[in-house]
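Participant: Since the structure of chain L is provided, determine the placement of chain V on it from the hints.
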Amino acid sequence: MNTQALTDLCYRMADDELILAHRHSEWTGLGPLLEEDIAFSSIAQDKLGHAQALFTIMHDLGGEPDADTAAFMRDELKMRCSHFVELPNGEYDFSLVRHFLFDVAEYVRWTALVRSSVEPLANLARKIHGELKYHLYHAQTWMVQLGANGNEESHARMQSALNEAWPYALGMFEPGEFEDALIADGIFIGEAVAQQRWLELVAELLQSSTLMIPTQVEPIYGGRKGHHTEHLKPLLDEMTEVYRIDPSAEW
Amino acid sequence: MTQQDVYDALLNVHDPEIPTISLLDMGIITNVDVRSDDEVHVTMTPTFVGCPAIDVMRKDVEAAVRGLGVTNVTVSVTFDQPWTTNRLTEAGKAALLQHGLAPPEPFDTLTLKLDVLNNVACPFCGSRDTTLKSPFGPTLCRSLHYCNVCLQAFEGFKPV
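One line per chain: the protein sequences are L and V, in this order.
34 is the number of the first residue of the first sequence in the working numbering; add one for each residue after it.
878 is the number of the first residue of the second sequence in the working numbering; add one for each residue after it.
Since the hints were derived computationally from the structure, they do not count as laboratory data.
Any given hint might turn out to be false.
[Claimed, not checked] List time: in silico DMTMM-like cross-link candidates among lysine to aspartate or glutamate, alpha-carbon distance up to 20 Å:
no., chain 1, residue 1, chain 2, residue 2
1, L, K266, L, E68
2, L, K258, L, E212
3, V, K1010, L, D70
4, V, K936, L, E283
5, V, K1010, L, D101
6, V, K1010, L, D279
7, L, K111, L, E274
[To be verified] Simulated restraints on C-beta separations:
no., chain 1, residue 1, chain 2, residue 2, range
8, V, C1002, L, G219, 47 to 53 Å
9, V, N963, L, I246, 34 to 40 Å
10, V, L945, L, G183, 55 to 61 Å
11, L, D213, V, L888, 32 to 38 Å
Built from N, CA and C at the ideal position, the CB exists for glycine as well.
Isolated chain V, as found in the complex:
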């Protein structure tokens, strides 16, 4: 059992609310510790502190590692390495786009300016002539936008 075996298995565990993206590409798996063929510790961190999907994801991760035949699996959720949208992989951003969600722009996490939310590229036509309608959407990690070119409402994955 190698760390890579575990990572490969986790590529098949997807976000329960955005089924096109794996938890690995989402960047929420922060550590995989293979102690033996029969003992694996995984550490993960939620996108938002209050994310209600974290328990489901934790159980999915545990099941995936057990699927490799490992008996002793622990999955802990910590904020030791806080998640930011900069942890999304390129494949992850493509997966968001595939789901119709505008991927977040790279972002300096300690500045307060939210200009980055204006003129987000429309996931349907690519135009940047778009307007932020609300920083709060159907889940904690999404914002609401409107495209002035293709006249469609769309959701973005908001930078944190």
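Bound conformation, chain L alone:
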């Protein structure tokens, strides 16, 4: 097994989950409906759990720091999240669209990882696969509800959010440093295949939404190489504040 390739893949996935979990948690107490408040908070908690499990796999197999240290003690340059998850929540339409596009991608990734040659990753994938159907169900319901069954304003807002999100969403599939090794060792299907499957599933799930999928858009890359948006640093400062003051604090 190529440990370096595995570690790079896990950091990319874990950092996406960690940062989006933080963004989702910013809706806690502020959701437009109580059920939505609970939904975003629950999805955040699930994603945080996925990140923790990935950090733990790297700790066990790759000799990386334990989950808390990995999550809270790396600076911006060491983070491997995509720009997509760093963006502020914006209006609820953008948060829903990002939730939808990200969770379809997450579903595609974990579905493929069920067959990973790395056993702990495959076991974790079987578990996470079951959880993600609830995320997808929630996201797709709102895409269709506000896209096709709402009014002109809701449709226009969802379409505009989708257009705005699209180049960043494509950026989730920025190739890592070790694509060939990941594929050759049967660890992961690779970003190119993942993106293709994502496009197909997005199209299928949006069929009845009347929303148009943007075409001929250039992806926004950089996050997987440690280049980030201006939004990441303030997020990290807030997320890690307590841990940096006192790593032994419990709350």
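Facilitator: Just chain V now, kept in the frame of chain L:
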């Protein structure tokens, strides 16, 4: 010390959030390895990967086994045998109902269809004329429903 002694002790360890159900009936204990009268290894797995109650449950399991007089107790949490709601025992489902939670229907874990969440039987009146309000509830493992017959909101234990 037999494996059964440990299982019997674990029947008294309950879910911190659903006190009617034991961890054993919940199906989250995946292995008990009695190496000697003084060395026991227990393996467990969370209902959801991000379940915040797992640390509490791990400590409760450890304390229960120590209560049998075992000094060397290790409790590990792994995903080697991932939890699904199909691991709930019949006694476990009855315990959920007793707590006012609709137990999950048996479920094929690899299909994406969530029809199984519509028309969940109401834990209060038993009617299946119910509506799913949200797949997310007060804990990661619960969903929100409404009974159109007895007009009560209720929670279900969602199939995963």
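Participant: The structure should be examined with respect to each hint, and the outcome stated for every one.
Facilitator: Here is what the structure says about each hint:
Distance hint between K266(L) and E68(L) is unfulfilled; the C-alpha atoms sit about 30 Å from each other, more than 20 Å. Under the criterion of a C-alpha separation no larger than 20 Å, the hint pairing K258(L) with E212(L) is consistent with the structure, at around 14 Å. The hinted pair formed by K1010(V) and D70(L) meets the criterion: a straight-line CA distance of about 13 Å does not exceed 20 Å. Using a Cα cut-off of 20 Å, the hinted pair K936(V) and E283(L) holds, with the two alpha carbons roughly 16 Å apart.
Under the criterion of a C-alpha separation no larger than 20 Å, the hint pairing K1010(V) with D101(L) is inconsistent with the structure, at around 35 Å. In summary, the hint linking K1010(V) to D279(L) is not supported, as the alpha carbons are separated by about 41 Å, beyond the 20 Å threshold. Restraint check for K111(L) and E274(L): satisfied, since their Cα atoms lie roughly 17 Å apart, inside the 20 Å limit. For C1002(V) paired with G219(L), a C-beta distance near 52 Å keeps the hint of 47 to 53 Å intact.
Separation of N963(V) from I246(L) is about 37 Å and conforms to the stated range, judged on CB atoms against 34 to 40 Å. For L945(V) paired with G183(L), a C-beta distance near 60 Å keeps the hint of 55 to 61 Å intact. D213(L) and L888(V) have their C-beta atoms about 52 Å apart, which leaves the hinted 32 to 38 Å range violated.
Comparing the model with each earlier hint shows violations of hints 1, 5, 6, 11; every other hint is respected.
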